[in-house]
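Go by the hints and put chain B onto chain A.
Heads up: the sequence lines are chains A and B, in that order. The numbering of the first sequence is this note's numbering, which starts it at 4 and goes up by one. The numbering of the second sequence is this note's numbering, which starts it at 4 and goes up by one.
Quick caveat, the hints were computed from the structure, so don't treat them as lab data. It is possible that part of the hints are untrue.
Identical chains blur together in the list; that is why a pair holds if it fits in one copy or across any two.
Unchecked claim - Computed list of lysine-lysine pairs in DSS-like fashion (alpha-carbon distance at most 27 Å, straight line): (1) K110 / K31; (2) K186 / K26; (3) K26 / K250; (4) K516 / K538; (5) K207 / K332; (6) K210 / K250; (7) K207 / K324; (8) K473 / K495; (9) K270 / K131; (10) K395 / K131; (11) K210 / K186; (12) K413 / K207; (13) K264 / K207; (14) K186 / K250; (15) K110 / K130; (16) K131 / K210; (17) K333 / K495; (18) K538 / K26; (19) K130 / K395; (20) K332 / K495; (21) K210 / K130; (22) K432 / K290; (23) K31 / K516; (24) K332 / K31; (25) K324 / K495; (26) K207 / K250.
2 protein chains.
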Amino acid sequence: MGNEDAGRRLSAWLDRFAAAAAKGDRLKLLSLFGTDSYWRDLLAFTWNLHTAEGKQEIGEMIQATLERVQPNAFALHEGASDTEGVAEGFFSFETVEARCIGHIRLKGNLCWTLLTSMEELKGFEEKKGRRRVMGAQHGAHRDRQTWLERRQQEDEALGRDLQPYCLIVGAGQGGLALGARLKRLGVPTVLVETHERPGDSWRKRYKSLCLHDPVWYDHMPYLPFPDDWPVYSPKDKMADWLEAYAKVMELNVWTSTTCQKASFEPKRGEWTVEVMREGKPVTLMPKHLILATGMSGIPNEPNFPGMERFGGEQCHSSRYKSSEVYRGKKCVVIGSNNSAHDICADLWENGADVTMVQRTSTHVATSEALFRFGISRLYSEDALDRGITTDKADLLNASVPYRLMPEILKPVTAAIRGADAHLLERLEKVGFLLDFGDDESGLFLKYMRRGSGYYIDVGASALIADGDIKLRSGVGIREITSDGVIMSSGEKLPADLIVYATGYGSMNGWAAKLISQDVADTVGKVWGLGSGTTKDPGPWEGEPRNMWKPTRQEALWFHGGNLHQSRHYSQYLSLQLKARLEGIPTPVFGVPQVHHLQ
Amino acid sequence: MGNEDAGRRLSAWLDRFAAAAAKGDRLKLLSLFGTDSYWRDLLAFTWNLHTAEGKQEIGEMIQATLERVQPNAFALHEGASDTEGVAEGFFSFETVEARCIGHIRLKGNLCWTLLTSMEELKGFEEKKGRRRVMGAQHGAHRDRQTWLERRQQEDEALGRDLQPYCLIVGAGQGGLALGARLKRLGVPTVLVETHERPGDSWRKRYKSLCLHDPVWYDHMPYLPFPDDWPVYSPKDKMADWLEAYAKVMELNVWTSTTCQKASFEPKRGEWTVEVMREGKPVTLMPKHLILATGMSGIPNEPNFPGMERFGGEQCHSSRYKSSEVYRGKKCVVIGSNNSAHDICADLWENGADVTMVQRTSTHVATSEALFRFGISRLYSEDALDRGITTDKADLLNASVPYRLMPEILKPVTAAIRGADAHLLERLEKVGFLLDFGDDESGLFLKYMRRGSGYYIDVGASALIADGDIKLRSGVGIREITSDGVIMSSGEKLPADLIVYATGYGSMNGWAAKLISQDVADTVGKVWGLGSGTTKDPGPWEGEPRNMWKPTRQEALWFHGGNLHQSRHYSQYLSLQLKARLEGIPTPVFGVPQVHHLQ
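Pulled out of the complex, with its shape left as it was, chain A reads as follows (with noise of 0.2 Å):
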């Protein structure tokens, strides 16, 4: 009866919405959102990813959007629900230019949170199911050109006789998921890889290196893993993977390919980019480039006093490499995020003596207790059971906005934390500092608000409990000598080798190095949300910074994160593009100031 009701109550207040939306009466409109309401709009009435929160916001944004965007044809979908009063569903609606999907929770009869996203651009669908191209072309055809010489035509000519109009710098999961996308979309683009094959960037990394996230959560587009594929991928695997899906998505993918500067033209509207292409320098000039280069920027170079005099192997935590010559010599890791605790964990496996400096507290979870209250509401087979494909799980995921995360995620951190509270107990016991986020809401949230700051566990906290793994904590690094590292606490720890965890920049770093610094500085910073926690300084932005949506730099991009934002916002991205690409006007609301640099 609850869920009838729901049905209901949605369905009335769609009707209503839809009714003052044909009217253009945003009064009207606005009256149906409460005072506590907020309006996350993925491109669809923005061409932004923009969330307006409380009355006052979302009655800017309607007035700056009602009239172009013109939203008409709502339809609920079957499936409503509701708990504890909260109603809550999925609906259809178009725009002036394209189909989309909203969600919407209700509290009594007014808005409480609504989605609204882009789907898919009117006139410019992508070509599958009935849509699908015929293929191979029946008839007889004097000269036919197959598909392979094509294919080969295309790769001949592009970045010579035809400009591709985007470009993607790094061919990992994201710029493969992006491209995949763009492919779908006739837009036409190229993908440069440092490495020698799609999926280097897994393969060559530490022996023990998967997925800490569960293989519902990761599937990229198009092209979901098999229903065997292993719940955590080994690195590998993941690479071949990797591999396989950008030969069969026919992206262009250039590997062996570095960027080496690239620069706009605002007046041309172009960029004019230098890569280097197994050794001969090209130059592209795509009309866009994203910069897919990783979430996390680039590498944060240690600068601890002495570092000159060390005579040992010491690298940046992102060029270790698994080893057996490090079987009993005397390794230090400065950090106690996610990649210090794997190498840490992947040098004892190799048979070394490993020490983890441990300056600041880190948040532990286990990748079960994460899973267990975490994902798999959303992602796996029992949400599968209940209906929650993956389209769906991460349009529920997107619909939740920013704000209310930290209220909802403090009862999911504490069920997480009781589960670990055996592990996380005797982690204490041997000195090392815990912390639960800054406001106790755990890691997904640091995660979205600085990218580090915690480890999930697969099984290197159970080493240091043990002390398999020797700790040091709360310490900072005096400097390093010719052959160790002294600690602030005077405490000198020999070493063979030392591997610096110091995590990344800002992505923003990338157009520094690629760009300019001037181009960077106007971009600002990447990633976080502007909670005004550790490494995240406020303003509230709302939204991850700059990422998948315009910057302040005109035609440059940032993609990224883990695999379900690849996958999902990879979306977005692709959508945006095309729609620059067929010249649909994308008037863009709400894009934020630039308050930070890095």
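Below, chain B alone, put in the same frame as chain A:
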């Protein structure tokens, strides 16, 4: 109402069937079948692919199997339907050793057709969905063996320290589909493939080659094509897909490897197989040998008088490759089936002067009409919209006993003929000899009976009708001269190139070649139903001879067919092999006598 009533009728029948089976009451069971009735069993009762026709044969099958099999846990699925008084629907059931699906059609309250299909062995389920493996081992493990190392170790050990249980000869779509299923079931398997890369059996042929069946019919097991896959795959795209498939399914494909000699030692229950792997001899000792060398067998090499005198180029159609060197050259293609048509069109596209010599009549149907009136009922976007997934379509397809097919297919053939009427008329005007099967039952049965005698038109027919491809029909070949072909009519066709599209022998020709003529004769003819029509001599077999099921030669199996058959019947072949690996008793009911040697 009709469908609800159908559900009730089917439920009641199943209840009676279950009750009689539980009591072991064979007579009661038999009384549930009509006089005109068919029970097609795919392993569930017979450990064979076997159709019992009429109450006598059904009674014998029940007598031989019921006590051992103990069918139980019958449950009708939703979606039962009624068409002109015939109620039909799917149901689940179990046997002592397996989980199964059935499909039934009732006339009145008696069974007209019954299909029973084994889906999985209890205790040996595929590790998919909730059963999937965890993948990366969490926890820390000294000297951890990674996924890659395990793969590499297996690869090195196979054929040296570790013998495969199965050896599959041929890594085309058939071998790969079976390989993927065996991999999932944990059956150690090696595939040997003559070519350098999986997919080369497509890649290396003439450039206009494409699938003549539409995409919905052609999915490989476990990894369906993405939803934008072209309706008709060009050969190179298909080849790339197969290559990626072999990789992501982790199949042990030995490329550039030819199988040279195989012999079975009954005492050890083991094959000794000499293969040449990249130029080096390796001896393999598998328990089972599966020939997946193409359903068409070995090329029928032509033997026309005077061939040795011919001064131009001549080859069997299987060795024809596209080339622009034929521009302006006189080319004669002897034959008028699929390959002959494809090659004539390809030559014409390459600018050759081409003549087809049609010796006997051919069934021609356009790809479009075949799809519209035939395949699309089960394999299409429409079918998907009606809830007919690929798995369901395969079972529905399998649910029609071969005996009933002619009557069912005659009206379909007539409809296709009607739709193609204009083209067929034009073909007849230029003298092309048409037929529609001995009994007007059309293309699918020609394929099942003899694997030849037809052309799925994708364009060559119009070239023939227009005179672009010249035609000589109703003539034989008298002799080949130094510079042409003399036909039985006395006419001489000058030729620079002669292509002999003279078809293929029975697949047991491969057994003769790789094993011995004795073994080939023990097995007898492969393919064909025993319909007593042209090239398919009786007696009636009711199932394709020797395909996907036990043969008269212990541990020798034949696998192949089109993509649909490779997909669906690899399920049954893999279950038969898995059962033997695990020592599950597999008493086979109804192995046919051998009546024909080729």
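Okay, the hints, checked on the actual structure:
1. K110 / K31: within (18 Å within a copy, 62 Å between copies)
2. K186 / K26: Close neither inside one copy (38 Å) nor across copies (61 Å); limit 27 Å.
3. K26 / K250: neither (49 Å within a copy, 57 Å between copies)
4. K516 / K538: Answer is within: at 22 Å inside a copy they meet the 27 Å cutoff, but 72 Å across does not.
5. K207 / K332: within (22 Å within a copy, 53 Å between copies)
6. K210 / K250: Intra 25 Å, inter 20 Å, cutoff 27 Å: intra and inter.
7. K207 / K324: This pair counts as within: shortest intra-copy Cα distance 8 Å, inter-copy 41 Å.
8. K473 / K495: within (14 Å within a copy, 91 Å between copies)
9. K270 / K131: Close neither inside one copy (37 Å) nor across copies (55 Å); limit 27 Å.
10. K395 / K131: For K395 and K131, the Cα distance is within 27 Å both inside one copy (19 Å) and across copies (22 Å).
11. K210 / K186: between (33 Å within a copy, 24 Å between copies)
12. K413 / K207: Answer is neither: 37 Å inside a copy and 60 Å across each miss the 27 Å cutoff.
13. K264 / K207: within (25 Å within a copy, 41 Å between copies)
14. K186 / K250: This pair counts as both: shortest intra-copy Cα distance 12 Å, inter-copy 23 Å.
15. K110 / K130: neither (39 Å within a copy, 43 Å between copies)
16. K131 / K210: between (38 Å within a copy, 25 Å between copies)
17. K333 / K495: within (12 Å within a copy, 88 Å between copies)
18. K538 / K26: neither (46 Å within a copy, 73 Å between copies)
19. K130 / K395: both (21 Å within a copy, 25 Å between copies)
20. K332 / K495: Within one copy only: 16 Å inside a chain, 85 Å across chains, cut-off 27 Å.
21. K210 / K130: Only across copies: K210 and K130 sit 25 Å apart there, 40 Å inside one copy, limit 27 Å.
22. K432 / K290: Neither: 56 Å inside a chain and 57 Å across chains, both beyond 27 Å.
23. K31 / K516: Neither way: K31 and K516 sit 50 Å apart in one copy and 83 Å across, limit 27 Å.
24. K332 / K31: Neither, since 72 Å and 78 Å both go past 27 Å.
25. K324 / K495: within (25 Å within a copy, 73 Å between copies)
26. K207 / K250: both (20 Å within a copy, 19 Å between copies)
In the structure shown, a violation is registered for the earlier hints numbered 2, 3, 9, 12, 15, 18, 22, 23, 24, in ascending order.
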